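Based on the sequences and whatever the hints tell you, model everything.
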Amino acid sequence: LPKIVATQIFVREAKWFLELFPVQKRTTEAFAEHFIKEGLAALVEYNEKKIFDVKLKEVKAVLMTLITENTDIDEVIETVKQRHKESKFPDIEIVRLLRDALMDAV
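FYI, UniProt numbering numbers position 31 of the sequence shown as 31, with every residue one higher than the one before it.
Calculated from the structure, these hints are not laboratory results. Note that the structure is predicted; figures quoted are calculated from it, not measured. Warning: the hint list may mix true and false statements.
Unchecked claim - Simulated DEER-style distance windows between Cβ atoms:
| # | residue 1 | residue 2 | range |
| --- | --- | --- | --- |
| 1 | A42 | I73 | 37 to 45 Å |
| 2 | E33 | V106 | 39 to 47 Å |
| 3 | E33 | D104 | 34 to 42 Å |
| 4 | T65 | K37 | 40 to 48 Å |
Quick reminder that beta carbons are idealized off the backbone N, C-alpha and C, glycines included.
Below you can see the structure in the form of C-alpha cells.
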C-alpha cells in the first residue's frame with residue numbers, strides 16, 4: 001500500500017518526472033529502468049504516454065502552422081514523413097494527427 005500512495009503523490013506532484021533525476025541520468029531509459037526495478041511499471045507507462053502526447057501535440061502544432069500559412073503541399077508532406085520517421089508514431093496516429101490538424105486549421 002505505501003508504494004501505491006507514494007506513486008499517486010508522485011504522479012500528482014511531478015509535471016516532468018525526468019527533472020527529478022540527476023542530470024547525467026535524465027533519459028527515458030534510465031527512468032524506465034529505475035522504476036521498473038522498484039515495481040512501478042505503471043508509472044513508466046504513464047510517463048511514456050505523457051511523452052507520446054507531448055510529441056503528438058508538437059507535430060500537430062507544426063502541421064497546423066504549415067496549413068494555415070498555405071505552405072506548399074509537397075513541403076507539408078515532407079514534414080509529415082520526416083516527423084513520422086523521427087517519432088516512430090504508429091501509422092494510425094499519423095492519420096488521426098493529419099485529420100485533426102486539417103480540421104482545426106480550417
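Taking the hints in turn, this is what the structure says about them:
1. Checking the proposed 37 to 45 Å range against A42 and I73 shows it holds: the Cβ atoms sit about 42 Å from each other.
2. Between E33 and V106 the Cβ separation comes to about 44 Å, which falls inside the hinted range of 39 to 47 Å.
3. The supplied range of 34 to 42 Å is met by E33 and D104, whose beta-carbon atoms lie about 37 Å from each other.
4. As the Cβ distance of T65 to K37 is approximately 41 Å, the hint placing it in 40 to 48 Å holds.
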